[in-house]
Every structure is written in structure tokens, then in C-alpha cells.
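Trainee: All chains should be built: construct the whole structure from the sequences, respecting the hints.
In order, the protein sequence lines correspond to chains R and U.
In terms of the numbering used here, the first sequence opens at residue 1 and continues consecutively.
In terms of the numbering used here, the second sequence opens at residue 1 and continues consecutively.
What you were told as hints is all true, and nothing was included just to trick you.
Just some of the chain U residues that point at chain R, by a computed CB distance under 7 Å: (1) Val37; (2) Met38; (3) Arg41; (4) Ile42; (5) Thr318; (6) Thr322.
A few chain R positions that, by computed beta-carbon distances, are all more than 12 Å from chain U: (7) Asp98; (8) Ile112; (9) Pro114.
Simulated restraints, written as ranges between beta carbons of each label pair: (10) U/Leu55 - R/Val74: 15 to 23 Å; (11) R/Gly107 - U/Phe73: 52 to 60 Å; (12) R/Ser177 - U/Val67: 42 to 50 Å; (13) U/Glu229 - R/Val74: 21 to 29 Å; (14) R/Met57 - U/Gly351: 38 to 46 Å; (15) R/Ser177 - U/Gly77: 52 to 60 Å.
Just so you know, the hints here were simulated from the structure itself, not pulled from any lab data.
The C-beta atom is built at its ideal place from N, Cα and C for all residues, glycine as well.
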Amino acid sequence: MTQLDRKESHATVGVPAGRLRPKRVRRNLDLTLWEKLYLFEIIRGIYVTTKHFAFNMIGFVVPPRGKKRSVFTVYYPEEKVTLPPAYRGRPVLVMRADGTEKCVACGLCEKICPGHAISIVGGERENSERYPLSYVLDMTRCVYCGFCEEVCPKEAVVMSSEYQGLAETDRSNLRYSKEQLLRSEESVKGRIEYIRRIYSKCNY
Amino acid sequence: MVADLIESVAKILFIFSVNLGFFAPILGWVERKQSAVMQDRIGANRANIGGFTVLGLFHPIADAIKVLTKEDFIPAGANKFFHTLAPFICLVPAIVTFSVIPFGGRYQLFGHHVNLVIADLDVGILFVFALTSLATYGVVLSGWSSRSNWSLLGGLRASAQMLSYEVAMGLTIIGIIMVFGSLKLTDIGAMQENFLHWGIFLQPLGFILFFTCAVAENKRAPFDIPEAESELVAGYFTEYSGLKFVMFWMGEFLEIVAISGILTTLFFGAWHIPFVTDQRLLSLFQFAGPNGAAVLAMLVGIATFFAKVIFFIWLQMTIRWTLPRFRYDQVMRLCWKMILPLSLINITITGLVLLLWIK
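Mentor: Below you can see the structure in the form of C-alpha cells.
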């Protein structure tokens, strides 16, 4: 028996029992007499909430013009937040200036999609350029992972910032065709710049 | 005789319309909106008529419509009679309390003495305590008759808490009764004409203790363990729906108003404006003739009283949205080990001062 084996047999597994003992809780030591009287701390607490109340009451009825509101709530349908480029909304297809899609129907997005949301039928134009005859995106299956965008060699699929119209009463309405998904390059410019940066897609 | 009858009916109608027509519906809105403003939120603002939201003031109307169209649900195995009776026992004492709270002074109007209180009882403050003890039955009955564990636990907690604070509340008020030498709320109000004779200056400790007890008696946060929503769903009124549920809520809101009224009467000079005596107020309105001056002074007194009441409602709401809930043992300890001895000390000191100093 070597020394190494003996050492192994004596080794303890896991956290030593001494360290598992809970630390002693030091009650009352943290409270001063002033805090133990409680009444003054109540008054301090009420002072804080009253301060918030008083400041928020300024412009409660009519909001002051040009001033930043101290309330952070967004009135959703009337107001909308500006989304950062990192936001992953509905995947869309990027369109060239002449109205044709950038997609070359290579099928990489179809293959990597974890939810099998994308189904592509490829075709070929007269100038032997490949293009998708149909590109169906089933939004009932999409999990907004963004793999399609990451894998795409042509920057043809990007995650847009669209989040509206994703709730429907009929599932068939959520199967988007190619025509419904085409967006101009201008509208998704920020996202394209962003994915070039994070996925190092600078070799275009 | 006819004048007395008209006076009584007018006063009852006024109190009813103010409490049930104004305070009860509006306090639900106030609670939502005030908590929102305090917590940097916006609060309920979606109910609208023709696009006008008016700060969400249509929400009480929407609530009323919703409540009236809801199913009146009685759980299987519940005691139907007591289950139906309990909300009434909660609501009625809260309304009846206003009958002894004076909302103005005595005025000479067309040769007729007008006393702005519905029932000028000699034992006014004791009547208030009797009614608040009656409200305990509503809570206990609702907790027991619902046949639900949440309700029963809520009812048990409520009975223990309300009975304990009943005792403490009775003792905290003795100081002020000793100082003014009367149980009549109109007398206590009238004696606070001088600003420096307000109850808050004569009994500062008594005010704090009574305020604490009153909030605890009303089962509002931080003493809301009977209806602790994170532990007991809604406590004793878990199994209630529709109008009966609203009766509990209205009872609670009206109790807030009643407590504010009692606090104003006992400690904050009732209907008196600081440094303005009744005589000076009457001489100020001399231009309107004797009757007109009395009417104007009466209106000013009522407005002053309700302004103070609204301030105390605001204070109670602020406390409710500021402080976290006490634990059950902490509530009991606060009552029996802090407030009760302190109120006894308060009574002793008040008695000594009255005996040795003032004679």
C-alpha cells in the first residue's frame, strides 16, 4: 500500500461538520436604544414616505412640462419604451433594396432551431442564385433564442424589436410566411450592427 | 318640537351622506391612489367615461357595479344565518359610532339652539367603546361561521387582538377624561377652545397610546394579522364575496373615519381653529346678521372638523403603507407589556399633577 492510498482513505468528503454549525445570531446588539424605542423610527419611516408623497403630488393632476416624471410607470398602450438593440423580439427576414430577400435558403437556421419553428423550401433563380420559395416561421414554437440569427451566414435573419401582435386567438395566424416576415434593412439596422459586434461578424 | 325633529333629521341625513356617500366610496380610491403616489407608482387610472379618467375617480363606480353583479357565495357547511349576520355586525357599529361624535359646536339659530351632534349622550366616549367591542362579534362570527381554516385563524387572531386592545384603549383614554372631567364628547370638544388646552398638549403620551390602540382595534396595518393576506388569504372574510365582502370593507373604512373623528374630538380641538375662539368667529361674521353669522360659523366649524378628520385619515393610510406587519407575539407584547403599563403610568402622573399642582 502506498502512502498515497492511505491518504485517500482518510480524506473527508464535503464540508467539515464544524463549519456546518450555524453562526451565532447576535440579537439586539444591532439595535440601539433609540431604535428599540421604535416610535422615533416610525416617525422617520413616515417622514420618508411622506417626502415621496409630497414630491409626487407636484404635478400629480397636471404633469409639469419638460420635467422628468418621478414615477417610473409606463402607460403601456400610450407610451412605449425604447428597446435596446440587445432586445430579442420576433425574428424577421432582411430585404435588399430591390425587394428581394437576402436569404439563400442554406437551411442552417432550420437545422439549428431548437423548437423546429422554421421550415424552408429552397429554389433557384435564372442567374443561378438560391432563394427560399417559402420560408415559414411558426411563432407558436419559437423560443426567441436567437440561434437562427447567430448561425445565419448572410445576415438574412435577425431578431427585430417587434413584440406586438404575438397573441392570437387562432394558431394558424401565428404561422408567418415569407412575405409577412420581410423587413427593410433600414428598420433593423441597429440590430445588424449589434450582432456584428457580439458575434464578431465583421468579415462581410 | 317640530324644529327639534327637523334638526335631528337634518343632522342624521348630513352624517349619513358624508359617511356613506362620500367617505365610504372615496376611501377605496384614496387607499389605492395614495399608496401609489407614496410608492412612486401611478395607481388605478383606467376606468373612464368617454375617455375621461379623472384621476381614476370612476373606479369606485366600476367597483360598485362589479360588486352588485357578483354571486353571493356561501360555502358548503357554513352556518348560513351567522355567515349573513356577521358583515352587518361589522358595519352597523361603525356607522352608529358617528351619532355621538360632535362635528360642530352649539349655535343660536332663529332662537333655536342647534347642537351639532346627533345624540349628545352623557357617556359619549363609553358608548363609542361599547360599539367598538360589538364589532368584535362580527369578526369572530364571520371567522367561525365560514367553516374555513383561514377564516377561523383570522377570527381567532382578531378576537385575541381586539379584546386585548379594548382593555388598553379604555385605559389610555382615562387620562384625557380626568383632565377634562367629562365623558361627554361635546363638553370635551367645547373645553378645547383655547389652543393650549388641546388634548395633544395636555396628554401627549395618551395621544400616542390611544392612536396606536385605535389603529390596532381597527385591524389595519401594521396590526393587520387577522387579515394578513400573505398568511391567511384574507383572514376572517376569506369566504365572503359580493356585497357582504364590501360591507366588511365599508365597516373598516368607516371605522377609520370614526377613529379620526374621535381623535379630533379628544386631542385636536374638535371643531376649533387654533387661536380663534367661537366668540371671535361669530364677531368676524357679524356683517351677515346674527343668524347668518351663526350659519357661517357653523359651516366653518364643520369644515375645520372634517379637515382634521381628513388629515387623520391620511395619517392612518400613510402608516398603513409605511410600516410592515407585526408578528402575532409582538402585537400581544406591545399591548400587554408596553401600552398597558405606559397608560397606567400616564394615569398616575395625570392624577398626581391634577391633585398636587392644579387642585
